[in-house]
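Chemist: Counted the way mature numbering (1 follows the signal peptide of the UniProt record, and there is no 0) counts, the sequence shown spans residues -22 to -1, 1 to 357.
None of these hints come from the bench; they were simulated from the model. A hint or two may mislead.
[Said to hold, decoys possible] Beta-carbon label-pair distances, calculated as ranges:
1) A245 with A36: 32 to 42 Å
2) D187 with H271: 47 to 57 Å
3) G138 with R273: 11 to 21 Å
4) Q67 with K275: 52 to 62 Å
5) S305 with A245: 43 to 53 Å
6) P260 with D187: 36 to 46 Å
Because the structure is a prediction, the values reported are computed rather than measured. Heads up, the beta-carbon is just placed ideally off N, CA and C, and yes, glycines get one too.
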Amino acid sequence: MLFKTKFIPLAIALAFAGSAGAQEVIKIGHVAPVSGPSAHLGKDNENGAKMAVEELNAKGIKIGGKPVKFVLVLEDDGGDPKQGTAVAQKLVDAKVNGVIGHLNSGTTIPASKIYFDAGIPEISPATTQTKYTQQGFNSVFRVVANDAKLGGSLGSYAVGKMGVKKIAVIDDRTAYGQGVAEEFIKGAKKALPGVQIVGKEFTTDKATDFNAILTTIKGKNPDLIFFGGMDSVGGPLLRQMKALGIQAKYMGGDGLCTESLPKLAGADAVKVVTCAEAGGVPPELQKNMDDFHARYKKKYNMDVQLYAPYVYDSVMTMAAAMQAANSAEPAKYLPFLQKIKYQGVTGLIEFDAKGDIKDGSLTMYNYNNGTKTITSVIK
């Protein structure tokens, strides 16, 4: 009896201390193509998510008065819609509290229904296909401008600022590539009704040989070739375009507009490129973005490829909604996410009724000496 009496108070104290120090685990799913042709972009996204979670945990955040620990549940969709829905269901089964992703429109859109049906909020840091937020799902959000803004503005810019009159269009038949190409054509025709679309050609997101379609286009002598797709196809296409002696300018959306494009196309070839990211900050906020890029490079010993800052802000925005709601339960923090106002490194994040970011910006770029260079930010 003496033995038991001596140690019971200690046991109670230890149990109480363990309970007081226990952290609630909040699981954030992140999906991107970390395999396949866009793996460099997927890894960039994943790195942005890791930075955010590490910083949140370092702050010792409390939600509802309890200490919490954020844990990333990482999945690879390979840029494939079937794989995307499979990993979406996997995250639902893992009972994640929220999802950041996907990167490609073609994977994000089918996966979004699975998250919606499970009541799990999803913020995409990169999906631009307009359809994503037009499905009637109250749980989907994006922190970048959609294709109507991205493609339409590029079309207007091409004829208004660049003065082109004859345009050939190529897309890779993915949801993203086809969507941004269609919106580009609409934007160009609206800005200049007399603009000539001299050719519409199609490839795939896995193609490597473009000689046939480029030879057809060469005979039509366009001022500009617009490509709807990712850099893994758009870069080699540009390389072959220059090899065939096509002198046209070259334009694309965010999927083309990467730090890797000069390696994929050739540093000399990218001199003709004008492209846009579906996001951007005005000059007065550029320091925040520059600071993020510096921290990213110090941590990973590489430059931001494309959307890491938007992934970072997506995680931080979701965490801010949880803090405002005093809960990480999806049903409880979703209404706070819908009305969030979060000042991130990419600017003010605030969503409209459909989940699109309000006042989405575009950043226009070209390439000087193989270096991606900002030319303007368009609201």
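Chemist: Now look at each hint and say whether the structure bears it out.
Modeler: We went through each hint and held it up to the structure:
Between A245 and A36 the C-beta distance comes to about 39 Å, which sits within the given range of 32 to 42 Å. Between D187 and H271 the beta carbons are some 36 Å apart, a value that contradicts the proposed interval 47 to 57 Å. Separation of G138 from R273 is about 37 Å and departs from the stated range, judged on CB atoms against 11 to 21 Å. Distance hint for Q67 and K275: a CB-CB separation of about 36 Å, inconsistent with the stated range 52 to 62 Å.
At about 51 Å, the CB distance of S305 to A245 agrees with the hint of 43 to 53 Å. Range check, P260 to D187: about 42 Å between beta-carbon atoms, so the 36 to 46 Å window is met.
When the structure is compared with the earlier hints, violations turn up for hints 2, 3 and 4 and for no others.
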